[in-house]
Structures are given as C-alpha cells and as structure tokens.
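Engineer: Listed below are the residues making up each chain.
Protein chains: 2
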Amino acid sequence: MTDEQATATDGLRGVFSGRLLTAAEDMAPFLTDWRGQWRGAARAVAQPDTAADVAAVVRWCAANGAPVVPQGGNTGLSGGATPDAGGRAVVVSLARMNRVRALDTLNNTITVEAGCVLKAVQAAAAEAGRYFPLSLASEGSCTIGGALSTNAGGVAVLRYGNARELCLGLEVVTPAGEVWDGLRGLRKDNTGYDLRDLFIGAEGTLGVVTAAVMKLFPAPAARLVAFVAVPSPDAALRLLDLAQNRLGPGLTAFELVSELCLELVLKRFEDARDPFAARSPWYVLVEATDLISEARAREALEALLAEAFEAELIADGTVAASLAQARALWALRENISEAQAAEGKNIKHDVAVPISRIGAFIEEAQAALARAFPGVRPVVFGHLGDGNLHFNVSPPAGQPHEAFAKLRAEVNTVVHDLVAAFGGSISAEHGLGVLRRDEAARYKAPVEIALMRAIKQAIDPHGLMNPGKVLAP
Amino acid sequence: MTDEQATATDGLRGVFSGRLLTAAEDMAPFLTDWRGQWRGAARAVAQPDTAADVAAVVRWCAANGAPVVPQGGNTGLSGGATPDAGGRAVVVSLARMNRVRALDTLNNTITVEAGCVLKAVQAAAAEAGRYFPLSLASEGSCTIGGALSTNAGGVAVLRYGNARELCLGLEVVTPAGEVWDGLRGLRKDNTGYDLRDLFIGAEGTLGVVTAAVMKLFPAPAARLVAFVAVPSPDAALRLLDLAQNRLGPGLTAFELVSELCLELVLKRFEDARDPFAARSPWYVLVEATDLISEARAREALEALLAEAFEAELIADGTVAASLAQARALWALRENISEAQAAEGKNIKHDVAVPISRIGAFIEEAQAALARAFPGVRPVVFGHLGDGNLHFNVSPPAGQPHEAFAKLRAEVNTVVHDLVAAFGGSISAEHGLGVLRRDEAARYKAPVEIALMRAIKQAIDPHGLMNPGKVLAP
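Just so you know, the protein sequences line up as chains A and B, in that order. To convert a position in the first sequence, counted from 1, into my numbering, add 26. To convert a position in the second sequence, counted from 1, into my numbering, add 26.
Each hint should be verified, as a subset may be incorrect.
If several chains are the same, the list does not tell them apart, and a pair holds so long as it fits within one copy or across any two.
Lysine to aspartate or glutamate pairs mimicking EDC-like chemistry, simulated, CA-CA at most 16 angstroms apart [stated by the list, open to error]:
(1) Lys-145 / Glu-328
(2) Lys-470 / Asp-207
(3) Lys-293 / Glu-364
(4) Lys-470 / Glu-165
Hint data in this document are derived by calculation from the structure and do not stem from the laboratory. No experiment lies behind these values; they were computed from the predicted model shown.
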C-alpha cells in the first residue's frame, strides 16, 4: 500500500466495525470477475457486517468522492461487480452479511441478508419444510443480493418467476448513506412508487441492497423429467403450449437443446449417453412437478407425452425412471456450456424474444450468421418456456478459435440486430454491467435512456454508485 | 363556457384529433368519482384516440402549465382520478382508447389499450381459449389502464398476483409528451432500470399509461367452491397453510368472513341462506381450480376438507354441488360491502399485514377499537390468502350513523397505527390517491418519502402529472 492509499483509507477504517482490506494480495480476488474477463483497481475492499456499517462506508465514500462498487459472490457474467481501473473506488463486499434474519412458514417468507449464498437460502427453506425456487448454475457461490441486483433467472422461472418476482421487500443503503427499511413481507401494498423493483436489477447503481424478504413455496413431493426428440423449434413450441394446458403450474421446466449441443455433451462427457437410437435436430427437456406424489406427476407427464406423440409433435421420448436417470437427463442440458467451452472459444448471447417467435428467430439468426460468417456453428439451447435462448456461436470446424474470438463485436451485432427486430432483449437474465451497456444504449429508444438517466441523476446525483455500469458515465 | 375558458382550450382543440369536452354538462361525469366523494373542476376533458394524441395533449398541457389528470373507468376508491378544484386541469380520459391491439396464444399475451374495460379483456382472452385472471367488483366498468395505475388486486391475487405481476410491458406518455414504447411481451429482460414497475401503481403521477402487454393463462376446466366454518382466524390460517400444501396453485381463493358479515348479508339479501345449522364466529370461502376436470378439483377439495375436519381446523363445511350453489356461496362473500352499506355509514380500511399475523392483528384491532369507541362493530372480511383485510367499522347498534362518520379520521388512526406496528400496509389494493396520501406520508420513513419525491421531481419536474395524488404538492 502506498502512503497516499494509507491516508486515503485511514478515515474509512474508523467509521465502521467490519473488515477492511487494503493490501494488494488481499484485495486481488475482489478486483476481477471469476472468469478473469475484467480487471480493476480499488483503494480498499470493505466487508461490513451490518446495514448500518454499509451506510457508514457509503457516507464516507460520499464525503470523500469515492465510487462505491457493491459485490456479492462475484459470479456475474457482465462485469457489473468489478471496479474500473481508476483505483479510487471502495469495493463493498456483502459476503459477511450472510444471516437468515427470519423465516415465517405461515407467511411463506424468508428474510435474508444480501451476502447469503443462494444455496444456503434454498437449504434454510428446505429445513423449514418449504421450497425456495431460485436456482442457477452459480448457486453454490452467488449471493441473494447479487441475484436481486441482476434480477437473476435460472431454470425455475417458467413456474416461479425470476428474482424480481420472488422478492417482497428490500433493505437498501441509499447513495446518501441512509438505510431504507423496505423489508415488508406483504403480498399487497399499494402505498406509492415501487422502489423495490427499481433497486432490483439496477446492478448496484442506485444503492446497495443489504437484505431482502423472499417468497417461499410448499415443497414439491416429486419432480419428474422427460427428454423428448422434436423435429423443429416450432414443434417444441406447440409441445410447450400443450404442456402448459395439461400440466399448468405443474410444468416447472421446458428447456430446448439442439442436436449440436447434444453432440458436444456426448463427446466431452464420458458418462453422457444418447437417450435415443436415432439423432434428432432438436430436443426438449420437460420437468413436471407434483405437490402430492410421484405417481401423480408420472401420470400427468406420461399422458402429455402420449398426446404429443399422437399429435406428431414428438418423434421419441423417455421419462426418467429413477433419480439417477433424472440427473443424467438434466446433465445433458446443464453440461452444454462446459462442453462448448472445452471445444474452444465461443461467442455468447443471452437473448429473449416473444416465445411465439422463437422458431422464426432461430431460423433467421442461423441464416444471417451463415451469410456473414460462413461455416460458423450456432450452439442453441435455453429456457424455451421463458423465450430465453443462450444462442452461442462456435467457429467453423477446424478454424482457429483465437481469430474467431476477435469477431465478437461483429457477431454480437448480427445476433442482437435481429433480436431487436423481433422485439426482444439482448440481456435476458445476465444484466448489462459493462458488457452490454453500450449495446443497450444503442438499441433502446432515446426516451427510455433519458428516463433511466433522470432516475440515476435523481437518486445518485454525484454518480458514485457503481459508476459506468448499466449507463455510460 | 366562459370566454376565458374558450381561449384557454382553443389551442388544445387544434393539437389532436380526438374528442374534446368543454361544456359543463359534458364534463360533469368526469369531475367527480363514482361514489361522489370528491368533486373537482377542469378546463377541458380530452378523449384521445391514440397514444400520439395523448402525447399531443400532454405537450400542450406542458406548454400551457395545465395539470394533466388521467382517468380510466373512474371507479377508484381513493380519489386518484378526480381533478382538484382549481379548474386549470385537463382531464385525459382514456375511454376511447379501448382496442385489443394483439393477442398471441403461444406467447400467452394480450396487448390492450389503456381504456379497455377489464371485462372486455377477460372476454377477449376467453374467446381465444385463454384466461385473464384479474377480477374485481368493478370489472364491468374499470379499465386496464386504471387497474395498472393503481396496481389493482381483487379475488385472484393468491394464485395469479395483482395487476403488476400480470403485466409484461407498457406504453406510456411521459410528462414531456413523448411516447415510451415499452410494449415488450418478454418473460425475461434485464436491460436496465425497471421503468414498467415504476409507472405501475404511480396513479398517473409520472405519466399516462396508454397500453399494456398482459399475461394470459390456460383456461381452467373447473372451479369448485367450499364454504367452511372455522373457530378463529388462527384456525383459518392453519387451514390456509394446509390448503397451500395440498392444492398448491390449485388453490385460487381463500376469503375470510366474520359472523357479523354473514349476519348482515343474510339480513339484507333475500336469497342468501346460511349454509350451516349452527352459527360460527368465522368462515372461510375456499376455491379450488383444476385445468383438466371438475372431478379432479372435487377430489382435491374434498380430501382437503376431510383432513382439516380431522385436524379440528374446521367445524363444518359444504362444497357447492352445482354452479348455482357455487354462485350462492360466492355471493355470501361478495355482498358484504353492499349489506354493510345498506345498514348505514361505515368507516373503511383496506389493510394488509404479514399473513401469519392476521389473527393477532384482528384481535388487537378489535380490542383497540372497543377501548377507543365502545360498542363499535368491526365488519371484518377479505383476502386472507393475501393478508389483505377490509376491516370496516360500523357504529354501535342504534347509534346515529352521521355522527359516527365524523369520527373517520380518529378511527382510521386507531386501525392504521396498529397496521404500522404490525409492519403492514394502509392501502393494500386501493392506492393512495388523495384519500391516504397524507397518512402514508406519516407512516413511511422520511428516506422513503424523499426517494419518492426525488423520482417525481426527476420525471415530472414541473409537477403537472396528476398533482396532489400520491404525494402532497
């Protein structure tokens, strides 16, 4: 630490009781994201233990003109939690604020601090005989504060909604360093502007989320998984429609997988096995959940598949007969990202379009990419039930990956221009951070950007909250 | 019309193609609410046909310093759609913007203009084989724009959420007279601040909602109703817990009714019949819905009641055997307001508390009222599944109603102080308007009011959008 840095943080050490890191080696893990895509600098990393501590740190930052960069599990994919290179920021890590403050089984709510790891929230709910449905790949290390600040999605959105829809109330430290106690466990409250939803998804640019009241649900008795072969995305859509009408809220996942995705998983994962004798251009993983019994879930799922087979929506299908088989089928979907990464670099997109237009979008996007970058291989999969595709693009077979990776901006533009033409979103569940900030500004109407800027200016007039994220400075 | 008024609106007539009312008799219905509780004045009532028209009217108002008062079906209960007495406002009635712009059965969305009557939205959904669940007493005349601007609730919130949770996207005319096209039919979109939810529930104080994309659902095959006698609100809560664990999302209504409520309905409605031989202090109406068949709904509901009887949660119960019986049971709940009104004036409260605390709240509120106003009769009913009670208070038997009505502010204070102590809401589903504006300011923390004011100032810097509603000027 330089003398200047020491002076710069001396005052900070005195204003709160939590941990303060200033040594370069201590700060290092907080100054880059988990994939190492972004790197920044900071004068200190503060780890407060209470909302009052967070408020004290923020007040100190406000008085000293120091940017505040809130950070949860640091598992984001858009660079939203990494400070810039300026070195003036204080990273506020919520990791030590990880208590479950309350759990109310009759109100079906859990009140948790922002630093609670998602898996711990799930576990606390389960221990009380309840179910907390938010579930993502990073659940073992991401925090509830980060999930709310990016409005995280995951595999249960179809039935239970994203982080926003699971949240009833928030505690937030404002840019002025005041604590707003909005920890209401109410299903109905129409007493003014919806501050809660403004802070959710704001990626820490309007304040620091320090705690939240989240909804709980009855614990399902059984979850059954089917894997089916479908001739096209349009057939998958018609199957979705049928499944929603037959299973209703018993339909808890509906995931699309392309033939290439399955091929990559079979190639890279020794344990993976093709469920069918013949290859199909597309597959769908369907999950049915029942509150009462496995028998009911099985009956509903098998009846659905029989009807779909009759209607020629599916060419083949299998229902997992055991938990191990269910895991194996889910693994075919969940291991796609890793299998594709093992092949080499690829260019990622996290997009959403209206569900009804998914088939047309996939077709046009594949055609546009083939025209602009002959031979590239789209690796298409995602949460079809939410209209959310992870439309990743691998280089032509045999072509060097490093050269291809340099085309990222151009490939993004081809895909995202089409997303915009389809009335879609260029960041369905990962947020903007710095990764998609400027693209979002290009695709959004000026009136929307002006409204966003007016709100930012009103709530954070000195622009110290996570500057450069969501909106360009 | 005075010469001054004529001059004041001449320019307005030229800027848009819709209807403009300036004669006193034409304007009269727009200058008071349906119950006649508030009366105001305006220089004109504009009835635009398009969002561009609304924008033109708002720009004219901005240029001429005229307040804008948006109005839908004018069925609100908090005075949010009535102009003040100043006479400078332009009422913008959305009534003529009542088209269904689009309906997408695969995306499960309907795009409607703000002036669409709620019942018409339900009907359009049903015609397409889908279900639009928002349902309230005023559904025959309230509009979707008003429902969104007040974040309306109703009888299906337990399963489907309130207006906010049913909305995917909005079109809004900003205070500057620009059209923000946020009509996205997406289930996932994490590209910046949540403007949608900021405009929802803002009661027209941040802009004019002109259209919305709403969620649709599969149409249920059957709805079954049971009416049960329970010894206490706490028993009702334990029954709710059991019902949620047995029926899950098949539980679509859970309404509490006190003995006095039932008595009033039986007294005032000739057709009403007590379902039970013996009177009970409390009742619950339970509705179970099934996507597939009535038999399944009946099986689930009867199993629930048997289990609840076994556990001594309910003393008696009946399941409607026909549609006519189901209507008769629902009428016992739906006619309470009218039966109470027929008795004379009463003092109303639309409150929410955490569901788990409903029993304690009712007990303490009854005791506090008995202490402060001996002999008053609380008429307690509401959406127990949402923690939302309509906690109305009638005068002591035989006491003059007019004198009692003058105690409104004092009675409100006793009930709302307790709501605040229970961490509840003083307006669960009716909004603030002018009715609860000052009370809300008293109960909310200064930091929350300051945030709301900062947002209002940022988006409507000249304070012309529905001034005096939600926030004091």
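Engineer: The structure should be examined with respect to each hint, and the outcome stated for every one.
Structural biologist: Hint-by-hint comparison with the structure:
In this homomeric assembly, Lys-145 and Glu-328 never come within 16 angstroms of each other (Cα to Cα): the closest approach is 31 angstroms inside a single copy and 37 angstroms across copies. For the identical chains of this complex, Lys-470 and Asp-207 are inter-copy neighbours only, at 10 angstroms across copies versus 32 angstroms inside a copy, given an alpha-carbon limit of 16 angstroms. With identical chains, the CA atoms of Lys-293 and Glu-364 are at most 16 angstroms apart within one copy only, with a shortest distance of 11 angstroms there and 69 angstroms across copies. In this homomeric assembly, Lys-470 and Glu-165 never come within 16 angstroms of each other (Cα to Cα): the closest approach is 31 angstroms inside a single copy and 35 angstroms across copies.
The structure does not agree with the numbered hints 1 and 4 stated previously, though it agrees with the rest.
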